[in-house]
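Peer 1: Given next are the chains, with one letter for each unit.
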Amino acid sequence: MDFLERFAIPHPSFLIYGAMVSIALTMIALVIGITYFKKWGYLWREWITTVDHKRIGIMYLLVALLMLFRGGVDAVMMRYQLSMPDNTFLDSQHYNEVFSTHGVVMILFMAMPFITFFFNYLIPLQIGARDVAFPRLNALSFWFFFMGMALFNMSFIVGGSPDAGWTSYFPLANNEFSTSVGTNYYMIAIQLAGIGTLMTGINFITTILRMRAPGMKLMKMPMFTWSAFIANVIIVFAFPVLTVLLAMGTMDRLFGTNFFTTDNGGMDMLWANLFWVWGHPEVYILILPAFGLYSEIISTFARRNLYGYKSMVASMVVISVFSFMVWAHHFFTMGQGPLTNSIFSITTMAIAIPTGVKIFNWLFTLWKGKIVMTTPMLYSILFIPLFTLGGVTGVMLAMSAADYQYHNTMFLVAHFHNVIIPGVVYAMIAGLTFYWPKMFGFMLNEKIGKWTAWIISIGFVLAFIPMYITGLDGQARRMYTYSESTGFSILNMVAFIGAGVMAVGFVLLVYNIYYSIRYSPRNIGSDPWDARSLEWSTHTPVPEYNYAIIPQVESTQAFWDSKKNGHELFKGKIEKIHMPNNSGWPFIFSCIFFVFAFSMVFSMWPVAIVSLIGILGCMIYRSFEKDHGRYISVEEIEETEAKLRGDQK
Amino acid sequence: MNKKIKWILLTMVFTIATVLTGCEPLLVLDPKGPQAQTQADDIMLSIFLMAGIVIVILAILIFVLVKYRASNQSADYEPPHIEGSPIVEAICIGIPIIIVIFLSVISVDSNYKVETTPEGYEDQEPLIVYASSSNWKWHFSYPEENIETVNYLYIPAGRALEFKLYSYGPITSFWIPQLGGQKYAMSDMVTTLHLAADAPGEFMGRNANFSGAGFAENTFDVTAMTPTEFDEWVEEVHETAAPLTEEKFDELLEPGHLGRSTYTGTHLEFAPAPEHNHGTTESDSTNTEDVESEHEHHDSSSTNEESDHSNH
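Residue numbers (my numbering), protein chains in the order written: chain A, 237 to 885; chain B, 258 to 569.
No lab work stands behind these hints, which were simulated from the structure alone.
Check the hints yourself; a few may be wrong.
[Claimed, not checked] Here are the simulated DMTMM-like pairs of lysine to aspartate or glutamate, each with C-alpha atoms no more than 25 angstroms apart in a straight line:
no., chain 1, residue 1, chain 2, residue 2
1, A, 606, B, 340
2, A, 606, B, 346
3, B, 505, A, 790
4, A, 453, B, 382
5, A, 604, B, 346
6, A, 809, A, 875
7, A, 456, B, 346
8, A, 546, B, 346
9, A, 800, B, 380
10, A, 799, B, 333
11, A, 456, B, 333
12, A, 604, B, 335
13, A, 800, B, 346
14, B, 370, B, 380
15, A, 546, B, 380
16, A, 606, B, 380
17, A, 799, B, 335
18, A, 453, B, 340
19, B, 505, A, 499
20, A, 546, B, 335
21, B, 324, A, 682
Based on the provided sequences and hints, a complete structural model is requested.
Peer 2: So, in structure tokens, the structure goes:
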């Protein structure tokens with residue numbers, strides 16, 4: 237019994253028990269369903285062992301959508317709790333767990349896989365490659381990320397959720413003040429997912445630098461590829477900081493080291509500094525690919541080339557450098573003194589300059605265009621004013637003296653949601669709608685799509701604009717309750733209604749997928765949007781080798797040139813194609829890692845040691861494994877091509 | 258129909274913006290002290306400037322959307338290929354640079370203002386109050402007056418205040434919105450916050466930084482009174498309150514919420530504040546011996562000390 241007790245939830249409630257039951261039922265239903273339809277083999281052969289960048293991308297997408305709803309439920313619970321003064325829906329411990337997991341889930345397990353989905357699906361297609369540079373590493377990245385996600389989400393049914401905020405500042409996160417295993421989950425699950433992301437970064441930098449189609453010079457890459465390249469460079473510089481930070485935090489919690497303790501020479505401020513040395517670049521890792529997607533969409537539906545391509549690239553490079561020079565603005569109030577604060581205040585405001593350049597370039601792309609208001613375009617147009625609002629409040633926060641008043645208040649919460657939702661989430665939905673026909677061969681319904689965009693936007697304004705006001709009225713963030721005399725209740729009720737409206741919007745998004753699967757026409761060809769860049773030049777559905785013949789590229793919008801200016805994309809004849817073999821190794825390796833991580837969370841040393849041996853065994857096996865991939869014969873390619881061409885007629 | 262929704266959206270944004278700037282005074286925008294005044298001025302200035310930027314962007318966006326919609330153009334219109342113009346882009350970079358320089362000057366100036374004794378209050382010695390947090394309470398020690406209070410703060414109006422902040426536990430943040438912005442209280446160093454109240458009044462104070470289960474209720478009441486009233490109160494405390502013993506203080510540190518209480522003597526005598534430079538252990542023992550001499554040392558070198566911390 238003693239052994240099992242550690243897995244109990246320290247603060248159980250009906251909500252958690254309800255969640256446990258529903259998770260258990262879903263799992264059972266899934267297993268029964270897969271067994272009944274005899275899909276285990278299919279699942280193993282086509283998905284779990286796959287090294288195809290398109291399928292890995294789609295798996296990232298599934299996780300991202302799932303986590304969007306998990307984090308979304310957390311969000312609605314928080315807004316409901318605060319919609320009335322002295323509400324007793326959640327107690328303080330439960331509320332603390334909810335906002336801690338909301339932050340981690342939305343940033344690391346929703347936004348990150350969503351952009352990684354776009355990296356995976358789009359980059360090889362946009363640069364005319366057949367896969368990423370290291371396909372098996374790519375599968376390993378996904379499974380590491382997946383296991384991290386699974387481990388983190390287990391926390392609230394086994395052992396307790398993290399409760400020290402998504403920033404998990406020490407000493408609050410040490411064993412004395414955060415007594416459940418929740419923070420162990422935080423340290424180890426994010427570590428696992430973070431290593432996956434780091435490998436993704438290395439993989440895509442290599443892919444973009446080494447595997448571009450002939451003629452595609454760096455300054456002829458599509459804008460999304462550029463943004464993804466810079467984001468991956470930031471990943472490679474920023475994520476090692478997170479890895480080290482989490483390792484230090486894990487050791488403090490499990491092995492009694494003193495990195496972040498307040499005596500014995502430890503320093504709690506070190507956590508805050510290192511966390512944001514990673515954390516601030518992290519937000520640019522999210523927003524730059526989003527900018528890339530907006531660039532693709534706006535230029536497609538303005539029916540014009542992207543205005544100021546060079547300044548777009550330059551501004552992203554400048555942003556990436558500055559993103560490492562602003563971290564202290566997350567704690568102007570730590571007492572660094574006016575000189576340090578002034579420097580970080582100025583560097584922070586300076587980021588607004590390259591970001592402003594991008595906004596103006598999008599506006600000038602619309603200028604003299606021929607604007608078609610499709611769903612992806614609607615999101616992009618709504619993004620511009622809403623994101624500008626979030627951006628300028630960021631400049632306000634950058635004024636460090638005034639930040640003493642904004643810090644830790646709802647004003648800050650409103651600001652970062654105001655940049656992340658219109659900035660990243662809109663881009664993700666817009667990009668999903670835009671590339672949906674490329675992935676699945678049918679369009680999402682435009683009418684439902686536009687309704688969704690408006691509903692989410694109205695919900696967004698209702699949910700977050702009131703927070704700017706309550707923040708200036710003294711409502712601190714992360715308070716689970718407030719008294720009626722504070723006068724926060726009306727605006728918090730408005731925010732709850734807004735959250736509800738947003739929830740309706742996201743449900744409508746899923747309904748749209750269901751509706752379109754059933755009713756959307758299938759014969760839409762491979763270029764339904766009349767798009768411009770290379771990824772639209774291959775067939776829909778995309779064959780596993782992407783391009784039968786590697787395309788020749790002469791400009792940033794090679795496909796447009798081939799449609800309008802007679803540029804010949806595919807020269808030469810079909811040759812046999814070398815492709816990587818599927819492998820179960822990344823999945824098995826990650827599963828053993830999962831066992832190791834889980835046993836670390838609960839300090840079960842024997843299991844940890846055994847699984848560590850398993851990990852070493854897997855690595856040794858991989859070192860001696862010989863796998864030179866396989867060839868797809870010319871006949872097979874020609875057959876596939878003919879079939880795909882025939883399908884389109 | 259879409260247009261209609263857009264206008265509803267815009268009207269809402271503007272109504273809310275009007276509420277924000279007008280009508281009911283929000284705590285932060287209703288300053289009662291010089292530091293909060295500096296910050297509220299910065300905030301209002303930046304709100305107007307930023308509102309201007311948002312309106313310009315919105316105007317350009319609406320203009321291009323209306324003018325260049327496909328439905329407003331002939332079917333055979335073919336948008337031109339435009340690479341970009343150095344002059345236009347120089348303007349797009351130049352104007353933001355000017356705005357950022359302008360705001361930087363204001364920001365730096367305000368930084369130095371809020372980090373020193375407030376302007377116009379230099380003629381008197383500041384009142385020094387050690388404010389320490391424990392889960393989930395605030396302890397206010399007045400070393401010169403030799404008294405200590407829990408969860409409430411009495412201060413003389415019209416005199417500069419110097420708060421020495423530290424924590425018995427997680428990082429907290431000491432915040433009285435109407436007197437000025439917040440600063441962290443941490444357990445391994447002391448931070449200094451300069452405030453002052455213009456006139457007598459009652460204010461809300463709280464810990465603004467998440468510190469665990471009892472965080473939401475981690476508040477304190479602030480009463481600013483005339484200097485005479487303050488002196489009377491100090492005298493009254495000396496006559497009526499019990500002395501703060503080490504046992505009593507340990508009891509107060511236990512996690513939980515407490516009401517107000519008052520003591521003579523301060524915990525600084527037996528549990529000194531962690532005022533030391535990190536890494537220089539030899540100064541620890543000397544610095545923490547004598548609370549009185551400690552102040553002088555700190556008043557003269559507080560800026561140096563703070564920059565030392567940031568170098569770690």
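Peer 1: Decide, hint by hint, whether the structure agrees.
Peer 2: These are the hints, each one checked on the structure:
no. : hint             : in the structure
1   : A:606 with B:340 : 17 angstroms, holds
2   : A:606 with B:346 : 22 angstroms, holds
3   : B:505 with A:790 : 80 angstroms, violated
4   : A:453 with B:382 : 68 angstroms, violated
5   : A:604 with B:346 : 17 angstroms, holds
6   : A:809 with A:875 : 14 angstroms, holds
7   : A:456 with B:346 : 20 angstroms, holds
8   : A:546 with B:346 : 11 angstroms, holds
9   : A:800 with B:380 : 78 angstroms, violated
10  : A:799 with B:333 : 16 angstroms, holds
11  : A:456 with B:333 : 28 angstroms, violated
12  : A:604 with B:335 : 9 angstroms, holds
13  : A:800 with B:346 : 28 angstroms, violated
14  : B:370 with B:380 : 16 angstroms, holds
15  : A:546 with B:380 : 57 angstroms, violated
16  : A:606 with B:380 : 67 angstroms, violated
17  : A:799 with B:335 : 14 angstroms, holds
18  : A:453 with B:340 : 17 angstroms, holds
19  : B:505 with A:499 : 24 angstroms, holds
20  : A:546 with B:335 : 23 angstroms, holds
21  : B:324 with A:682 : 23 angstroms, holds
Violated hints, in rising order: 3, 4, 9, 11, 13, 15 and 16; the structure is consistent with all others.
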